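A.B. asks: Take a look at the letters that make up each chain.
Number of protein chains: 2
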Amino acid sequence: MISGASGTGKGTVCQKLLDESPGMVYSISATTRQPRKGEVDGREYFFITVEQFKSWLAEEKFLEHAEVFGNFYGTPAHKIEECLSSGIDVLLEIDVQGALNVMKKCPDGIYIFLLPPSFDELCNRIKKRGTESPEGLQRRLASSTNEIAVGKNYQYVVVNDSVDDAVKKIKSIIAAERCKVNRNLNDFEKYKGEESLN
Amino acid sequence: MISGASGTGKGTVCQKLLDESPGMVYSISATTRQPRKGEVDGREYFFITVEQFKSWLAEEKFLEHAEVFGNFYGTPAHKIEECLSSGIDVLLEIDVQGALNVMKKCPDGIYIFLLPPSFDELCNRIKKRGTESPEGLQRRLASSTNEIAVGKNYQYVVVNDSVDDAVKKIKSIIAAERCKVNRNLNDFEKYKGEESLN
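Line order of the protein sequences matches chains U and H.
One point on numbering: in my numbering, the residue at position 112 of the first sequence is 112, and numbering is uninterrupted.
One point on numbering: in my numbering, the residue at position 121 of the second sequence is 1121, and numbering is uninterrupted.
Chain U extracted, bound-state conformation:
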């Protein structure tokens, strides 16, 4: 999972990571909102009814969920498990609030927090995006800095100085995690064997 405050550039980093990682897919959220033109069920989103959403919620099928402007959004755990059990890595890009819930439910996940290159750059990016009042911009900056403080709960932090370097670091993190002893306990069984040199 990759998270980061708004203005960190996580969308670009995630896209490049996916492009360079065969065997990795993006986690697809479920939503109750109507598909927009060109959107395909199971590609942009799983488009489901409110009844379906509520039933998945009751069955605890969501790692996290939220309501935005009257529509429901959620990350379906069973869809992720389907991928993982066929050996496919799943990339989740989730906001800071949702992330803490996912961590509790998936202690085996890898949690990476992206930081903007600098405080000044964060300010610049927020300014560029917003067409808001000075007060609105100030509010968004405060919200970003609050989100950044939550990053200390993650396992890894990557500063997004350059997209290439950030992606390289994230790939190293994934490669390293594959070497964690607790993910490879089976390897040790091979050497118990017969203990014979015949």
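Note that these hints are calculated values from the structure, not bench results.
Since this is a predicted model, take the numbers as computed values, not measurements.
Hints are not guaranteed to be accurate.
[Stated by the list, open to error] DSS-like mimics (lysine-lysine), calculated; alpha carbons at most 25 Å apart, straight line:
(1) 171(U) x 1180(H)
(2) 1190(H) x 127(U)
(3) 168(U) x 180(U)
(4) 190(U) x 1168(H)
(5) 180(U) x 1016(H)
(6) 192(U) x 1152(H)
(7) 1016(H) x 168(U)
(8) 168(U) x 1190(H)
(9) 1152(H) x 190(U)
(10) 1180(H) x 168(U)
(11) 1171(H) x 16(U)
(12) 1054(H) x 1079(H)
(13) 1190(H) x 180(U)
(14) 16(U) x 54(U)
(15) 1128(H) x 128(U)
(16) 1079(H) x 105(U)
(17) 1168(H) x 171(U)
(18) 1016(H) x 152(U)
(19) 171(U) x 1171(H)
(20) 79(U) x 104(U)
(21) 1105(H) x 180(U)
(22) 168(U) x 1128(H)
(23) 1192(H) x 180(U)
(24) 190(U) x 1054(H)
(25) 128(U) x 1190(H)
(26) 1180(H) x 152(U)
(27) 192(U) x 1127(H)
(28) 128(U) x 16(U)
(29) 16(U) x 1168(H)
(30) 105(U) x 61(U)
(31) 1105(H) x 190(U)
(32) 1168(H) x 168(U)
(33) 1190(H) x 152(U)
(34) 1128(H) x 192(U)
(35) 1152(H) x 180(U)
(36) 104(U) x 1171(H)
[Stated by the list, open to error] So these bits of chain H aren't anywhere near chain U, every CB distance computed over 12 Å:
(37) 1031
(38) 1070
(39) 1083
(40) 1084
C-beta atoms are modelled at their ideal positions from N, C-alpha and C, and glycine is treated no differently.
Add chain H to chain U, keeping to what the hints say.
C.D. replies: What follows is chain H alone, placed relative to chain U:
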């Protein structure tokens, strides 16, 4: 730190890792044995007197130490700290027994256990090395498999299928560890700042 049972090929892996890692040095042990022809103090070993060794031991300057054929060997912590504090990584190649002591003393270290490619290959390598009796070989194999079981106490495990791949994985582990949140808490301070867009 890199450990592995005998017959795992850790010497070759460590040498290649060092060759490819500017800014990394090999930890030099201290010993009370006489320098052999061509050996230089501070390069192969720190050659010290028994009195000096005992005084370092009393001052708890060793991460681990051992006596082999009447000579003392030890890993001097203060020499490692000198490197680390000037930003140089230190590679330790330590046997399984010594490693557990080092882990307790250096919880910040990165502990990597190398596994031989397969049980058969481990047998072959032990056979090739030894000019011993069948019983002697059997004893060495039993000792290797016991050492391998200790590997579960490490953080990372790398199977030495190919030296190139093993070194690549170890470099990923080092790169990933540099991204651990607890090694980068200062990064988060930068974004508290003024919280101002002026």
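A.B. asks: So, for every hint listed, does it hold in this structure?
C.D. replies: Structure-based check of all given hints:
At most 25 Å may separate the alpha-carbon atoms for a hinted pair to count; residue 171(U) and residue 1180(H) meet this at roughly 14 Å. For the proposed pair residue 1190(H) and residue 127(U), the alpha carbon gap of about 19 Å is at most 25 Å, so the pair holds. Only pairs whose Cα atoms come within 25 Å are accepted, and residue 168(U) paired with residue 180(U) is accepted, the gap being roughly 19 Å. Restraint check for residue 190(U) and residue 1168(H): the C-alpha separation of about 23 Å stays at or below 25 Å, so the hint holds.
With a CA separation close to 22 Å, the supplied pair residue 180(U) and residue 1016(H) stays within the 25 Å bound. Only pairs whose Cα atoms come within 25 Å are accepted, and residue 192(U) paired with residue 1152(H) is accepted, the gap being roughly 13 Å. A threshold of 25 Å between alpha carbons decides the hint, and for residue 1016(H) with residue 168(U) the separation of about 21 Å falls inside it, so the pair holds. The straight-line distance between the Cα atoms of residue 168(U) and residue 1190(H) is roughly 23 Å, inside the 25 Å bound, and the hint therefore holds.
For the suggested pair residue 1152(H) and residue 190(U), the alpha carbons sit about 13 Å apart, so the restraint of at most 25 Å is met. This hinted pair checks out: residue 1180(H) and residue 168(U) have alpha carbons roughly 15 Å apart, not beyond 25 Å. The suggested pairing of residue 1171(H) with residue 16(U) holds, with an alpha-carbon distance near 22 Å, which does not exceed 25 Å. Distance hint between residue 1054(H) and residue 1079(H) is fulfilled; the C-alpha atoms sit about 16 Å from each other, no more than 25 Å.
As the CA atoms of residue 1190(H) and residue 180(U) are separated by approximately 31 Å, the hinted pair breaks the 25 Å bound. Restraint check for residue 16(U) and residue 54(U): not satisfied, since their Cα atoms lie roughly 34 Å apart, outside the 25 Å limit. A distance of roughly 67 Å separates the Cα atoms of residue 1128(H) and residue 128(U); the hinted pair therefore is violated under the 25 Å criterion. The suggested pairing of residue 1079(H) with residue 105(U) is violated, with an alpha-carbon distance near 44 Å, which exceeds 25 Å.
Our distance criterion of 25 Å between C-alpha atoms is met by residue 1168(H) and residue 171(U), whose separation comes to about 12 Å. Of the supplied pair hints, the one linking residue 1016(H) and residue 152(U) is violated, its CA atoms being roughly 35 Å apart against a limit of 25 Å. With a CA separation close to 12 Å, the supplied pair residue 171(U) and residue 1171(H) stays within the 25 Å bound. Between residue 79(U) and residue 104(U), the direct Cα distance comes to roughly 18 Å. Compliance with the 25 Å bound is thereby established for this hinted pair.
Pair hint residue 1105(H) plus residue 180(U) holds up; C-alpha atoms about 21 Å apart against a cutoff of 25 Å. Taking the CA atoms of residue 168(U) and residue 1128(H), the gap is near 40 Å; set against the 25 Å cutoff, the hint is violated. Only pairs whose Cα atoms come within 25 Å are accepted, and residue 1192(H) paired with residue 180(U) is rejected, the gap being roughly 33 Å. Among the hinted pairs, residue 190(U) with residue 1054(H) is inconsistent with the structure: their alpha-carbon atoms are about 42 Å apart, more than 25 Å.
With a CA separation close to 21 Å, the supplied pair residue 128(U) and residue 1190(H) stays within the 25 Å bound. Taking the CA atoms of residue 1180(H) and residue 152(U), the gap is near 10 Å; set against the 25 Å cutoff, the hint holds. In summary, the hint linking residue 192(U) to residue 1127(H) is supported, as the alpha carbons are separated by about 18 Å, within the 25 Å threshold. This hinted pair checks out: residue 128(U) and residue 16(U) have alpha carbons roughly 22 Å apart, not beyond 25 Å.
At most 25 Å may separate the alpha-carbon atoms for a hinted pair to count; residue 16(U) and residue 1168(H) meet this at roughly 21 Å. Between residue 105(U) and residue 61(U) the alpha-carbon distance is near 11 Å, which keeps this suggested pair within the 25 Å criterion. The hinted pair formed by residue 1105(H) and residue 190(U) fails the criterion: a straight-line CA distance of about 30 Å is larger than 25 Å. Taking the CA atoms of residue 1168(H) and residue 168(U), the gap is near 13 Å; set against the 25 Å cutoff, the hint holds.
Taken as a hint, the residue 1190(H) and residue 152(U) pair is honoured in the structure, with Cα atoms around 13 Å apart against an allowance of 25 Å. Of the supplied pair hints, the one linking residue 1128(H) and residue 192(U) holds, its CA atoms being roughly 20 Å apart against a limit of 25 Å. Using a Cα cut-off of 25 Å, the hinted pair residue 1152(H) and residue 180(U) holds, with the two alpha carbons roughly 10 Å apart. Proximity of residue 104(U) to residue 1171(H) is assessed by CA-CA distance (about 30 Å); at most 25 Å being required, the pair is judged violated.
With a least CB separation of 31 Å from chain U, residue 1031(H) remains clear of the 12 Å interface cut-off, as annotated. Residue 1070(H), annotated as away from the interface, keeps every beta carbon of chain U farther than 12 Å; the closest lies near 31 Å. Non-interface status of residue 1083(H) relative to chain U is upheld: no Cβ of that chain comes within 12 Å, the nearest being about 22 Å off. Listed as a non-interface residue, residue 1084(H) keeps its Cβ farther than 12 Å from every Cβ of chain U; the least gap is roughly 20 Å.
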